[in-house]
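Chains P and E, in that order, are what the protein sequence lines are.
All residue numbers for the first sequence refer to this note's numbering, where the first residue is 3 and numbers rise by one.
All residue numbers for the second sequence refer to this note's numbering, where the first residue is 3 and numbers rise by one.
Treat the hints as calculated values from the structure; they're not laboratory data.
Computed from a prediction, not measured in an experiment: that's the story for all the values here.
Just so it is clear, CB atoms sit at the ideal spot from N, CA and C, and this is done for glycine as well.
In silico contact screen, one side only, chain E against chain P (beta carbon under 8 Å); selected entries:
no.: 1; residue: Ser182
no.: 2; residue: Gln183
no.: 3; residue: Ala185
no.: 4; residue: Ala186
no.: 5; residue: Arg188
no.: 6; residue: Ser189
no.: 7; residue: Leu190
no.: 8; residue: Gly191
no.: 9; residue: Leu192
no.: 10; residue: Asp196
no.: 11; residue: Val201
no.: 12; residue: Pro204
no.: 13; residue: Gln205
no.: 14; residue: Arg208
Given next are the chains, with one letter for each unit.
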Amino acid sequence: MSVKLKLKSVSKSFSGTTVIDNFSLDVATGEMVCLIGASGSGKSTLLRCINLLEPIDNGEIWLDDFDIAEPSLDPDPIRRRIGLVFQSFNLFPHLTVMDNVTLAPRKVLGKGKLQAQAQAMELLERFGLSDKARAYPDHLSGGQQQRVAIVRTLAMQPELLLLDEITSALDPELVGEVLDVVRALKASRMTMLLATHEMAFAREVADRVCFLDEGRLIETAPPSALFTAPQEQRTREFLSRVL
Amino acid sequence: MTAFQPTITPLQLTRRQRHDRRLKRRSLVVSCISVLLVALILVLLVPKAPGWEAVKSSFFNWDILVKTFPKLLSAFVVDLKIFFWSAPLIFILSLAIALARNTRRPALFPLRLFGAVYTDVLRGVPVILLVYLIGFGIPGLGLPRPYNSPYIWGTVALVLGYSAYVAEVFRAGIESVHSSQSAAARSLGLSESDTMRYVVLPQAIRRQVPALMNFVIALLKDVALLSFIGPIEILRQANVYKSLMANFTPYVGAAIIFLCVTIPVTRYADYLLARQRNERTT
Ligand SMILES: Nc1ncnc2c1ncn2[C@@H]1O[C@H](COP(=O)(O)OP(=O)(O)OP(=O)(O)O)[C@@H](O)[C@H]1O
Ligand SMILES: [Mg+2]
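Produce the entire structure from the sequences given, and follow the hints as far as they go.
Rendered as structure tokens:
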């Protein structure tokens with residue numbers, strides 16, 4: 003199986019505080035990897051670094067056979083290949099659902115309006131949102147907003163999808179509909195890296211789970227192994243607190 | 003069993019609604035009475051002031067008002083023309099300055115510096131001084147007609163002065179759009195300029211509409227500053243009549259004309275502000 007994303011000794015610090023510490027990880031094409039770890043362990047920062055929203059201090063980030071962390075590269079064409087979905091949705095409030103979804107395909111990929119809308123409609127239908135196409139984000143429930151945010155990212159046909167605690171801003175009864183979307187994406191063999199506090203979900207869908215602590219990768223294993231027989235003391239402590 | 007039936011008014015109002023109605027009726031009566039009282043006092047007492055007859059004939063002369071009003075109105079059209087020329091120019095120039103101040107590209111640093119200096123200098127000078135300096139200074143260079151028109155240079159002075167303030171309004175608007183919005187746009191692959199154009203600016207401008215409306219009102223009034231450098235707009239026309247007729251009534255006429263325009267605009271601005279406040283709380 004080919005490697006889609008390869009992190010080599012990635013480090014990142016904010017004004018002297020190390021947030022990502024010598025982090026290495028391979029994600030295979032079609033693989034789904036879950037990042038777990040306490041609040042502040044660096045999950046969001048890692049995802050933002052992979053998406054080049056934050057420059058890294060050291061290390062390499064390989065997407066296929068390019069080191070995208072090379073500072074001289076133009077980040078825009080790389081970002082469009084990597085989708086990032088945020089905890090707080092970050093939909094554009096002044097645009098309708100349809101315009102949220104079609105903005106990037108039109109302005110970045112240069113698609114025509116009709117073509118972009120047809121493609122968007124297909125995606126919205128697939129995730130049960132076709133009747134919301136003309137609505138503004140304010141008029142949607144949190145779960146619907148997050149599903150639109152995922153659709154907006156998918157409309158760019160990313161090769162790699164980064165999901166940052168996409169359910170933690172949602173009321174409990176809305177979590178299910180968003181997780182269903184992730185299940186569907188997993189079934190379509192999308193390569194995904196997902197930061198989450200939903201241990202049960204990680205256990206169900208992940209091919210591999212990574213436990214982070216203070217910016218370091220402490221342990222990585224298939225969920226069956228990591229959740230039942232963690233090798234590291236710190237993993238055991240964390241799991242005993244959250245399970 | 004009719005004895006225990008609750009009393010129901012014909013309109014089927016709840017107890018709370020009846021109570022509210024009673025309160026509303028009472029406060030309406032009270033405010034009507036107090037307005038009448040104040041009006042009565044003004045009507046009865048003001049004419050008793052020793053100088054009232056003189057003030058009345060020099061400020062509130064009906065005949066003079068009727069005679070001068072049409073000319074004042076047509077002079078006000080000049081004000082409106084200058085306003086409708088300046089407003090879009092101010093919009094464009096101030097947006098350009100705000101964007102220049104916002105840029106982070108090193109190649110554009112001179113632009114950024116220019117933006118900062120521009121806003122600092124022009125906000126530090128009274129608009130009337132700009133009108134004098136530009137309106138008298140540049141035509142004084144001996145430019146050929148029509149480029150020596152005080153209409154043009156007065157408008158330029160207004161545009162330059164107002165743009166410095168409005169640029170700050172835009173800049174505050176841009177800064178008020180949360181960085182997560184541009185992060186979302188950038189993560190989709192949008193360039194920095196597309197992010198500004200399609201995501202940040204539309205939200206920034208929408209948020210600042212009430213503040214911009216206040217500048218619209220101020221500009222409407224400040225067009226009258228050009229009267230000092232020549233254009234025969236409404237204030238200058240009123241001035242001419244005042245000298246001609248040795249009477250101040252034309253000023254009152256001008257004030258009435260201004261109010262007819264500015265009050266509706268002010269009401270509308272307040273309405274927008276209130277609506278925005280409601281949106282934020284709900
Ligand atoms: N822009 C920033 N400037 C300074 N420090 C930051 C910045 N972003 C994150 N940090 C710090 O980096 C550390 C890791 O933060 P991060 O958000 O990546 O953690 P997380 O694992 O996603 O936590 P959570 O589960 O709460 O989302 C935290 O200590 C945080 O304070
Ligand atoms: Mg986080």
